[in-house]
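S.K.: Please model the entire structure based on the sequences and the hints provided.
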Amino acid sequence: MPSYRELLEQTKTEIDEIDAGAARALEGAVWIDVREADEWQEGHLPGAVHIPRGFLESRVEAVAPDKSTPVVLYCASAARSAFAAKSLEDLGYGNVYSLAGGFTDWKRNGLEITMPRTLSPERRTRYSRHILIPEIGEEGQLKLLDARVLLIGAGGLGSPASLYLAAAGVGTLGIVDADIVDETNLQRQIAHSLDTLGMPKVDSAKGAIERLNPDVNVVTYRERLTSENIDRILDDGWDIIVDGADNFPTRYLVNDASVWRGIPVVHGSIYRFEGQVTVFKPQDGPCYRCLFPEPPPPELAPSCSEGGVLGVLPGIVGSLQTNEAIKLAAEIGEPLVGRLLLFDALATEFNEVKIERRADCPVCGDHPTITEYIDYVEFCAAGRGNS
Amino acid sequence: MLRAEAGGAREVEVTGANVREVLEDLATRMPALGSRVYGDGELQSFVNVYVDGEDVRTRNGLETPVRDSSTVILLPAMAGGC
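So the sequence lines, in the order shown, correspond to chains A and B.
So for the first sequence, the numbering used here puts the first residue at 47; every next one is plus one.
So for the second sequence, the numbering used here puts the first residue at 202; every next one is plus one.
Worth flagging that the hints you see were computed from the coordinates, not collected in a lab.
Note that the Cβ used here is the ideal one computed from N, Cα and C, for glycine as well.
Any given hint could be a false lead.
Stated by the list, open to error - Estimated spans, in silico, between C-beta atoms of each pair:
{"#": "1", "chain 1": "A", "residue 1": "Val-109", "chain 2": "B", "residue 2": "Gly-254", "range": "53 to 59 Å"}
{"#": "2", "chain 1": "B", "residue 1": "Asp-269", "chain 2": "A", "residue 2": "Ser-174", "range": "49 to 55 Å"}
{"#": "3", "chain 1": "A", "residue 1": "Thr-230", "chain 2": "B", "residue 2": "Gly-208", "range": "24 to 30 Å"}
Stated by the list, open to error - Chain B side only, calculated, beta carbon under 8 Å to chain A, not exhaustive:
{"#": "4", "residue": "Arg-211"}
{"#": "5", "residue": "Glu-214"}
{"#": "6", "residue": "Leu-244"}
{"#": "7", "residue": "Ser-246"}
{"#": "8", "residue": "Tyr-251"}
{"#": "9", "residue": "Gly-254"}
{"#": "10", "residue": "Asp-256"}
{"#": "11", "residue": "Val-257"}
{"#": "12", "residue": "Ala-278"}
{"#": "13", "residue": "Met-279"}
{"#": "14", "residue": "Ala-280"}
{"#": "15", "residue": "Cys-283"}
M.R.: If you want it as structure tokens, here you go:
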């Protein structure tokens, strides 16, 4: 039987070694780092994919489905990558190379390396069920941790949205609401509880979020969103707005600001047994004024406090909004852009209608007629907070 | 949102070959609902009308054709998040 050294020498004669210069000249090559996780974390080649040697055969087809694709394998010093190259040739890969000198020589020669951002062991455990999903993985989880999501309203829709966004590890959550928690809220607003009756909703929600996930930085705005404060709040820098406001004036303020600033809005609204959800993504789709150019008169705009709402409905609609916000933050899937999802809880039926960007939209159209905030003050309906 | 005006129904059957005829038939059967959506020969503001998922304002408005099996959705704006 050969010794390890003899086996390595023998294997190297059966595979192609390539130097850094020639490897970099390969067009469309897939670079695979076959080292262990702790070695990867100390730096790797730019653009490389990490597949530890032990998983190479089982995972390579996911990154190189076409077996004629050039594949460059590297390890620390071209021993493991030599055996790996042999194995890929046995799998039918026709253009496999082992990088001569491996990562050690690459780094010694002063070539560019990338320091990976990785999750701490605690975070890897907390978010393991996300990380296991290929579409999210560690990279997607890092995007969620980097994301800044502003919730308008900490009421029916804001409650499930804030809790699920926090559980998902969205790193920064802003919450705008002027209300305090009262008994009538507890039938549906699950971020609040008996313990927080009488507290500002933003503080109550912040407490619930922090008990759930200390990774989340919560920024509270105990104020009603108006034309006076909206710019100050948005200047704090938000990637996504989740709109769970309880009144038309706030909806239009949020819309107009988001169009002018290019911030996507995940819109949700509820009444009795009915819910509506969509994503307004400036430039890519319609805005709220493309759907409803102006607010209706107050007598045609009953609020939940006048008309009532099924307690679980905001749970469903707020969760659908959260789903959209997470997809936007992780940059996966098909967001509900240009589609309005209608939910009827009595029939348990979903419908979807198309919303098109209107060329004559007063805000996002070709010739906008609205260029500054409008306070629809005359119509304060019943909303006091934002939720 | 319009369930009260429809006497509690979530779906009503009406006839008509286009949106105008459908809404006129609706206004005859259910005047309260009809007037929320349609009046003086025009669609009311603040209510959107969709035929088979498409906003009639992006098609032919009241002249948008409606087939026998078409679903017409009447959708008022609603702002609640509470």
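S.K.: Between A:Val-109 and B:Gly-254, is the Cβ distance one that fits in 53 to 59 Å?
M.R.: Once the Cβ atoms are compared, 39 Å apart, the range 53 to 59 Å for B:Gly-254 and A:Val-109 is violated.
S.K.: With a cut-off of 8 Å on the beta carbons, see whether B:Ser-246 makes it to chain A.
M.R.: Because about 7 Å separates B:Ser-246 from the closest Cβ in chain A, which is inside the 8 Å limit, the hint holds.
S.K.: Given B:Tyr-251 was flagged as interface, is its beta-carbon under 8 Å from a beta-carbon of chain A?
M.R.: holds, 4 Å
S.K.: Can the suggested window of 49 to 55 Å be confirmed for the beta-carbon pair B:Asp-269 and A:Ser-174?
M.R.: holds, 53 Å
S.K.: Would the stated hint for B:Met-279 survive a check requiring a Cβ distance to chain A of less than 8 Å?
M.R.: holds, 5 Å
S.K.: Using the C-beta atoms of A:Thr-230 and B:Gly-208, is the stated range 24 to 30 Å upheld?
M.R.: Since A:Thr-230 and B:Gly-208 have Cβ atoms about 29 Å apart, the given range 24 to 30 Å holds.
S.K.: At a threshold of 8 Å, is the proposed contact between B:Asp-256 and chain A supported by beta-carbon distances?
M.R.: holds, 7 Å
S.K.: Just to be careful: measuring from the Cβ of B:Cys-283 to every Cβ in chain A, is the smallest value less than 8 Å?
M.R.: holds, 4 Å
S.K.: B:Arg-211 was flagged as interface toward chain A. Is the shortest Cβ-Cβ separation under 8 Å?
M.R.: B:Arg-211 check passes; min Cβ-Cβ to chain A is 6 Å, inside 8 Å.
S.K.: Tell me if the interface restraint on B:Ala-280 is satisfied: Cβ within less than 8 Å of some Cβ in chain A.
M.R.: For B:Ala-280, the interface hint holds, since the closest Cβ of chain A sits about 5 Å away, which is under 8 Å.
S.K.: Taking the closest Cβ pair, is B:Ala-278 under 8 Å from chain A?
M.R.: Since the shortest Cβ distance to chain A is 4 Å, the answer is holds.
S.K.: Hint check: is the beta carbon of B:Leu-244 less than 8 Å from a beta carbon of chain A?
M.R.: violated, 13 Å
Hint violations for this structure: numbers 1, 5, 6 and 11, all remaining hints satisfied.
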